[in-house]
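A.B. asks: Residue numbers (the numbering used here), protein chains in the order written: chain A, 38 to 320; chain B, 38 to 320.
Hints in this document: simulated from the structure, not taken from any laboratory. Everything numeric in this text was worked out from a predicted model, so none of it was measured. Possibly wrong hints are sitting among the right ones.
Intra- or inter-copy, both count: the list cannot distinguish identical chains.
Unchecked claim - Cut-off 20 Å, straight-line C-alpha distance, at most; resulting in silico cross-link-like pairs (SDA-like, lysine to any residue):
#1 K234 <-> Q201
#2 K234 <-> R159
#3 K234 <-> D154
#4 K101 <-> A69
Residues per chain are reported as follows:
Protein chains: 2
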Amino acid sequence: MESLVGKLHRCSINTATLGHRDPLPVVVDQIAQAGFGGIAPWRREVEESHIPTLARQIREAGLKVTGYCRSTYIPAINRATFRANIEDNKKALHDAASLNAACFVMVVGGVPEGTTDINGAREQLAEGIAELLPVARSVGVPMALEPLHPVYAANRSVLNTISQAMALCNLVDPSNSGSLGIAIDVYHCWWDPDFFKSTMCAGQANRILAYHVCDWLYGTQDVLLDRGMMGDGVIDLRNMRHAVEDAGYTGLIEVEIFSKNNWWKRDVSEVLSICAERLESVC
Amino acid sequence: MESLVGKLHRCSINTATLGHRDPLPVVVDQIAQAGFGGIAPWRREVEESHIPTLARQIREAGLKVTGYCRSTYIPAINRATFRANIEDNKKALHDAASLNAACFVMVVGGVPEGTTDINGAREQLAEGIAELLPVARSVGVPMALEPLHPVYAANRSVLNTISQAMALCNLVDPSNSGSLGIAIDVYHCWWDPDFFKSTMCAGQANRILAYHVCDWLYGTQDVLLDRGMMGDGVIDLRNMRHAVEDAGYTGLIEVEIFSKNNWWKRDVSEVLSICAERLESVC
Chain A
38 MESLVGKLHR CSINTATLGH RDPLPVVVDQ IAQAGFGGIA PWRREVEESH
88 IPTLARQIRE AGLKVTGYCR STYIPAINRA TFRANIEDNK KALHDAASLN
138 AACFVMVVGG VPEGTTDING AREQLAEGIA ELLPVARSVG VPMALEPLHP
188 VYAANRSVLN TISQAMALCN LVDPSNSGSL GIAIDVYHCW WDPDFFKSTM
238 CAGQANRILA YHVCDWLYGT QDVLLDRGMM GDGVIDLRNM RHAVEDAGYT
288 GLIEVEIFSK NNWWKRDVSE VLSICAERLE SVC
Chain B
38 MESLVGKLHR CSINTATLGH RDPLPVVVDQ IAQAGFGGIA PWRREVEESH
88 IPTLARQIRE AGLKVTGYCR STYIPAINRA TFRANIEDNK KALHDAASLN
138 AACFVMVVGG VPEGTTDING AREQLAEGIA ELLPVARSVG VPMALEPLHP
188 VYAANRSVLN TISQAMALCN LVDPSNSGSL GIAIDVYHCW WDPDFFKSTM
238 CAGQANRILA YHVCDWLYGT QDVLLDRGMM GDGVIDLRNM RHAVEDAGYT
288 GLIEVEIFSK NNWWKRDVSE VLSICAERLE SVC
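Okay, chain A solo, but in the shape it has when bound:
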């Protein structure tokens, strides 16, 4: 496995890491000037921009777009909402293409509120992804199904492990068209006893489209907004990247840290500098 020392061009910053404090055009320059090779922006900041202008700025700054975050949740309490969710994702796929994103990150949604139907939600998910697949193919941006930590199964994602995401890929896209794969985020998957086995399967099928790093703090205060900086927690980051790259992944390593009470309060330049240090020393 290649060391990341001096290899920041192999690393990307998800804009959530910086707390969405500055406008996106400012953030693009901050990330590029810090020496990183990629950026992963969010829809809420992209959709308020003039997208072609933004795309040109990112390209001219020398940044790759490692992922466009993220899908509208798919499972819904009724058919009309399900339809609206799918149409919303089609529109976002077109924007992902305008940005030349390496993938559209699919955070798929939880159990429709007020129900106990996780199995039904998973069925809706399969149906929705199947409908989106030809759109992804036609715009040329693959969808990256991101299994989320099981702590989010109720309200954010009924897709919770790499092997479950791979089963969905194989169900909906058996021909492995190149338009459907997975995003692996260490925060969501570090605990999984099947991590190494399922990552190898995903890589052998060329399905790994993104790799996200941060850390899980031993005494996590908030499972949504208290992610740790790489090296500050319990995740065996080196072994996990080894597995992902051994499986054939050659894309960028993206830092995604939601940290309301710590990193989002620090200066952007300090956060970027520590991200760089830790990518080199512990990832």
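Please arrange chain B on chain A, whose structure you already have, making use of the hints.
C.D. replies: Structure of chain B alone, referenced to chain A:
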């Protein structure tokens, strides 16, 4: 699947559900008088009692002990602490026998603090369980490995799914001696895409030693102490009990709710009465 209406003798109360507010002898009477058939006490309340007297009170109240909570965490930062943890669990197994407990509930412990060695922690776990197995056999109380929700992988349990727990059972106790099995708690397992398959495997091997219910609230405030009452959350309780009983489990259904800001503040009689109602109506 048999309805639980009028079948409270098939149901048990884990004393954590009542918030550990009254002394255990009082709680035993409260649970028995409410009509339940079982109790699951905790070591901290048992160890401050005269255990033979307590055991007699429980027996005379007509209650089964559905589980003795819980093991000392096993993985440790050094060998001396590991040894102390094992010896502590041996002592607790003897107390479980004095209580005539149906099982000793094993919450196995997380990643040793300050390390990133989840794999090493899992190896320590296998070694520890192997050493405890002959003790469990000699005192006549089986150990129930309880897979905990992956949100606790850092600091409470590196054992996180039913299939992982079953793999450990089969590794350490290949002859299926009757002294090692699993506890299934819906809070920990409801999200698992492999729940139905792995539960069937566990049941066919006669490894299911306990079944715990509560609910996962859609907007959970605290993953440790904000469990919901059955029926108030997203868990498909009826399908899960169906799977567990279809797999051959014939033991009691135990209610275990940690709820600092809600149920632990209500009158014990109200809590027991609502537990009974919900066991009958949604479990």
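A.B. asks: Next step is simple, just say for each hint if it's right about the structure.
C.D. replies: Here is what the structure says about each hint:
1. Taking the shortest Cα distances, K234 and Q201 sit within 20 Å of each other both inside one copy (13 Å) and across copies (13 Å).
2. In this assembly of identical chains, the alpha carbons of K234 and R159 lie at most 20 Å apart only when taken from different copies (16 Å versus 23 Å within one copy).
3. For the homomeric pair K234 and D154, the shortest alpha-carbon distance between copies (18 Å) is at most 20 Å, but the shortest distance inside one copy (29 Å) is not.
4. Taking identical chains as interchangeable, the C-alpha atoms of K101 and A69 lie at most 20 Å apart only when both belong to the same chain, with a minimum of 10 Å there against 66 Å between chains.
Violated hints are absent here; each numbered hint is respected by the structure.
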